[in-house]
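Residue numbers (the numbering used here), protein chains in the order written: chain U, 1 to 465; chain Z, 1 to 297.
These are calculated hints, taken from the structure and not from any lab test.
Be a bit skeptical, because a hint or two may be false.
[As the list claims (entries may be wrong)] Covered stretches of chain Z (chain U as the covering partner; in silico rule of three or more C-beta atoms under 8 Å from a C-beta of chain U):
id : stretch
1  : 14-23
2  : 67-77
3  : 118-129
4  : 149-160
5  : 259-266
6  : 277-290
[What the hints assert, rightly or not] Now the in silico label distances, taken between C-beta atoms and shown as ranges:
id : chain 1 : residue 1 : chain 2 : residue 2 : range
7  : Z       : 17        : U       : 21        : 53 to 59 Å
8  : Z       : 73        : U       : 146       : 53 to 59 Å
9  : Z       : 218       : U       : 6         : 33 to 39 Å
10 : U       : 103       : Z       : 128       : 19 to 25 Å
All C-beta atoms in this analysis are idealised placements derived from N, C-alpha and C, irrespective of residue type, glycine included.
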Amino acid sequence: MQKSIQWKAIITAVIVILAVAYLYPTYQWYRKSPEEKVKLEESKDKILGKILKLGLDLKGGMHLVLEVDLNRLPEGTSPSDAMERALEVIRNRVDQFGVAEPLITRQGDRWVVVELPGVKDPERAIELIGKTALLEFKLVNDGVRISEILDSEGKVDPGKVPAGYEVLPGREETLFLLKEESEITGAALTNAKVKIGGQYNMPYVAVDFNKEGAREFARITEVNIERNLAIVLDGRVQSAPVIKSKIPDGHAIIEGNFTMEKAKDLALVLRAGALPAPVNIIENRTIGPSLGRDSIRAGVLAAMIGLICVMCFMVIYYKLSGLIANLAIILNLIILLGMMAYLGRTFVRATLTLPGIAGIILIIGMSVDANVLIFERIREELRAGKTVRVAIDAGYQKAFRTILDSNITTLIAAAFLFQFGSGPVKGFAVTLSLGILISMFTAIVVTHMIFDMVLMGKRIEKLSI
Amino acid sequence: MQFFGKTNFKFIEKRKKAFILSGLMILLSAYAIFHKGVNFGIDFTGGTLVQINFSREITVGEMRETLSRHELSGATIQKFPNSNVMIIRVKSLDVGPVEIARKLSSIFQEEFSQDQFTIDRNEVVGPVVGEYLKKRGTKAFLLAFLGIIIYIAWRFIGGIWGLAGVTALIHDVFITFGIFTILGKEITLPIVAALLTLAGYSINDTIVVYDRIRENIRLQYKKPLAEVINSSINETLSRTMMTSLTTLLVVLSIFILGGPVIHDFSFAILIGIFIGTYSSIFIASPLVYEWRVRKSR
Numbered sequence: 001m002q003k004s005i006q007w008k009a010i011i012t013a014v015i016v017i018l019a020v021a022y023l024y025p026t027y028q029w030y031r032k033s034p035e036e037k038v039k040l041e042e043s044k045d046k047i048l049g050k051i052l053k054l055g056l057d058l059k060g061g062m063h064l065v066l067e068v069d070l071n072r073l074p075e076g077t078s079p080s081d082a083m084e085r086a087l088e089v090i091r092n093r094v095d096q097f098g099v100a101e102p103l104i105t106r107q108g109d110r111w112v113v114v115e116l117p118g119v120k121d122p123e124r125a126i127e128l129i130g131k132t133a134l135l136e137f138k139l140v141n142d143g144v145r146i147s148e149i150l151d152s153e154g155k156v157d158p159g160k161v162p163a164g165y166e167v168l169p170g171r172e173e174t175l176f177l178l179k180e181e182s183e184i185t186g187a188a189l190t191n192a193k194v195k196i197g198g199q200y201n202m203p204y205v206a207v208d209f210n211k212e213g214a215r216e217f218a219r220i221t222e223v224n225i226e227r228n229l230a231i232v233l234d235g236r237v238q239s240a241p242v243i244k245s246k247i248p249d250g251h252a253i254i255e256g257n258f259t260m261e262k263a264k265d266l267a268l269v270l271r272a273g274a275l276p277a278p279v280n281i282i283e284n285r286t287i288g289p290s291l292g293r294d295s296i297r298a299g300v301l302a303a304m305i306g307l308i309c310v311m312c313f314m315v316i317y318y319k320l321s322g323l324i325a326n327l328a329i330i331l332n333l334i335i336l337l338g339m340m341a342y343l344g345r346t347f348v349r350a351t352l353t354l355p356g357i358a359g360i361i362l363i364i365g366m367s368v369d370a371n372v373l374i375f376e377r378i379r380e381e382l383r384a385g386k387t388v389r390v391a392i393d394a395g396y397q398k399a400f401r402t403i404l405d406s407n408i409t410t411l412i413a414a415a416f417l418f419q420f421g422s423g424p425v426k427g428f429a430v431t432l433s434l435g436i437l438i439s440m441f442t443a444i445v446v447t448h449m450i451f452d453m454v455l456m457g458k459r460i461e462k463l464s465i
Numbered sequence: 001m002q003f004f005g006k007t008n009f010k011f012i013e014k015r016k017k018a019f020i021l022s023g024l025m026i027l028l029s030a031y032a033i034f035h036k037g038v039n040f041g042i043d044f045t046g047g048t049l050v051q052i053n054f055s056r057e058i059t060v061g062e063m064r065e066t067l068s069r070h071e072l073s074g075a076t077i078q079k080f081p082n083s084n085v086m087i088i089r090v091k092s093l094d095v096g097p098v099e100i101a102r103k104l105s106s107i108f109q110e111e112f113s114q115d116q117f118t119i120d121r122n123e124v125v126g127p128v129v130g131e132y133l134k135k136r137g138t139k140a141f142l143l144a145f146l147g148i149i150i151y152i153a154w155r156f157i158g159g160i161w162g163l164a165g166v167t168a169l170i171h172d173v174f175i176t177f178g179i180f181t182i183l184g185k186e187i188t189l190p191i192v193a194a195l196l197t198l199a200g201y202s203i204n205d206t207i208v209v210y211d212r213i214r215e216n217i218r219l220q221y222k223k224p225l226a227e228v229i230n231s232s233i234n235e236t237l238s239r240t241m242m243t244s245l246t247t248l249l250v251v252l253s254i255f256i257l258g259g260p261v262i263h264d265f266s267f268a269i270l271i272g273i274f275i276g277t278y279s280s281i282f283i284a285s286p287l288v289y290e291w292r293v294r295k296s297r
């Protein structure tokens with residue numbers, strides 16, 4: 001008996017400490033002033049990855065569903081390849097926004113979901129994401145070094161950019177000075193594939209041009225040997241290989257120190273630009289930041305009032321035992337929020353949404369159910385004339401099965417809710433299911449342990465219940 | 001403190017009345033749903049929703065007049081009480097939702113240029129997405145029902161328990177849906193979530209009673225079934241009331257204080273608590289009784 005209490009106490013302590021540890025960064029974050037938050041956000045501080053994540057409906061942002069138009073594909077292209085290309089194009093564009101933690105996922109056969117938290121200019125985002133991909137090949141200016149056209153702050157000084165040239169960003173934080181006019185566009189390409197071979201048996205990308213493209217490319221390569229030709233997708237430089245020799249037949253090879261992964265990416269970019277799959281926006285939900293702030297304030301107030309009401313009620317109804325149940329409610333909340341913060345970092349990407357806040361409030365009311373079941377049982381046992389000790393143990397034992405059955409059926413409903421929902425509704429399903437699981441734990445393990453601790457070594461004639 | 005001491009209500013004997021009451025509520029709901037029609041929100045029909053916050057008072061009439069000048073007389077306009085926040089919804093009919101969104105934004109720019117306004121929310125849902133969400137929502141409900149039936153049938157060794165439990169649950173969801181339709185409230189994604197939640201809540205309540213019946217059947221196998229069921233419901237009555245009350249307290253606080261966005265969501269759960277509590281006492285177990293009696297005849 002003693003030993004089992006010790007174990008329960010240790011497990012409970014570990015869980016609570018972990019939950020508090022996971023919540024601590026969130027606590028720190030919300031104590032900071034708005035200016036500090038902006039500063040940390042700009043410097044991409046590590047704390048951002050650790051705080052409890054808010055859903056788009058609370059943080060503000062954009063949820064888009066794009067349909068890849070597979071009906072207008074040229075013959076002979078497989079739909080799955082078209083989807084992959086469309087995803088690459090979208091990813092490339094979203095990366096250019098500089099939105100923190102964008103989410104891009106496939107949904108079904110032809111839909112792509114894009115989530116842009118905190119996007120500042122939604123109209124520009126739509127414009128950029130919705131347009132057809134443009135692949136261009138542009139010559140790099142070798143005469144001028146990038147450092148020469150930067151001002152003292154490290155930004156591009158437009159006055160120093162030579163006429164007929166432009167500065168475009170690369171995939172990493174590099175800049176390229178390119179001729180404004182493109183040499184050739186993606187329309188001239190027919191295919192791009194990864195192959196392995198050559199001198200060092202390394203992956204390389206083989207590019208095929210159509211007839212006119214081949215002629216054009218032969219001319220370009222002939223006069224620009226030893227110069228860099230940048231591959232630009234939607235205004236971002238993907239790679240800038242050196243032209244080694246004239247390519248007369250329209251079969252070019254891009255070599256480099258490619259890993260398989262990098263080579264595949266480049267080939268995908270080239271294919272995406274060669275056969276752009278048009279995308280249509282079929283769903284757009286944009287929430288401004290102020291709406292979320294108001295909702296959070298209202299939600300927290302509702303939670304507080306609800307919490308106080310339930311706690312008072314429990315103490316009035318169950319007296320001292322009600323206090324134990326109240327402790328369980330508090331633990332439920334701490335563990336629930338801690339788990340949400342933890343799961344936000346993992347692949348689950350749990351976020352707190354507005355219905356999620358409602359879910360937490362609901363859990364405050366519903367989670368006492370397990371304790372109510374137990375307490376009512378204990379009362380029955382006491383009425384039947386059992387001693388305090390026996391009544392408590394019997395109460396827990398008899399209520400266990402009921403708690404299990406009733407909660408599992410609720411979990412089944414929550415699981416399908418999770419399956420069904422996206423965004424806000426999913427957030428609700430997560431808080432609800434976690435809350436149910438946690439409340440089972442606190443009711444069955446924690447409150448029982450507290451009763452045992454209180455009663456340890458004492459003979460209590462009357463239980464305050 | 002205690003609500004009930006030892007009670008001895010004759011629930012089984014009142015089952016006919018309960019069945020009639022429930023039947024009436026179901027008929028009324030069905031009439032509303034099939035005759036009046038469900039007011040599906042743009043989540044399911046496709047369409048456009050804009051929530052704007054003006055810096056000065058603009059009346060619904062003013063807005064309606066402005067919108068009809070631009071051939072958008074079909075829009076629904078909703079104004080939040082005590083604020084200058086307005087929600088405008090246009091369901092997609094002939095014109096695509098994207099065009100309507102664009103049109104609305106240019107109307108605001110044109111007509112209210114002097115007044116400062118911010119667009120808090122802008123939702124555009126294509127009709128394909130609406131259809132898809134409808135299908136997925138229906139599937140989620142059917143699978144959840146099936147999952148619950150199977151689980152209960154397995155735990156209680158007998159399909160009738162699962163079936164009766166789920167019948168009570170469908171009864172709750174259907175009537176809540178009906179009340180929403182009668183009141184003309186919109187069915188949106190969060191409302192569907194609320195309906196699934198109350199499905200979980202209602203079955204939870206029912207299981208507690210079932211568990212007690214199962215236990216009592218084992219202990220008091222000589223007693224007639226009606227008596228066992230009655231005493232089981234009576235014994236769990238305190239708990240049923242207690243849990244309903246604590247849940248009611250929190251849902252009321254969301255309903256009153258939680259802000260306009262989740263107002264309808266909490267309203268759905270609020271109705272669900274009442275109906276769910278009622279059905280777990282008056283419908284779920286009496287259904288099992290009715291089945292057993294008819295079978296043994």
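Okay, the hints, checked on the actual structure:
{"no.": "1", "hint": "14-23", "in the structure": "violated (count 0)"}
{"no.": "2", "hint": "67-77", "in the structure": "violated (count 0)"}
{"no.": "3", "hint": "118-129", "in the structure": "holds (count 11)"}
{"no.": "4", "hint": "149-160", "in the structure": "holds (count 3)"}
{"no.": "5", "hint": "259-266", "in the structure": "holds (count 5)"}
{"no.": "6", "hint": "277-290", "in the structure": "violated (count 0)"}
{"no.": "7", "hint": "Z:17 with U:21: 53 to 59 Å", "in the structure": "56 Å, holds"}
{"no.": "8", "hint": "Z:73 with U:146: 53 to 59 Å", "in the structure": "57 Å, holds"}
{"no.": "9", "hint": "Z:218 with U:6: 33 to 39 Å", "in the structure": "35 Å, holds"}
{"no.": "10", "hint": "U:103 with Z:128: 19 to 25 Å", "in the structure": "21 Å, holds"}
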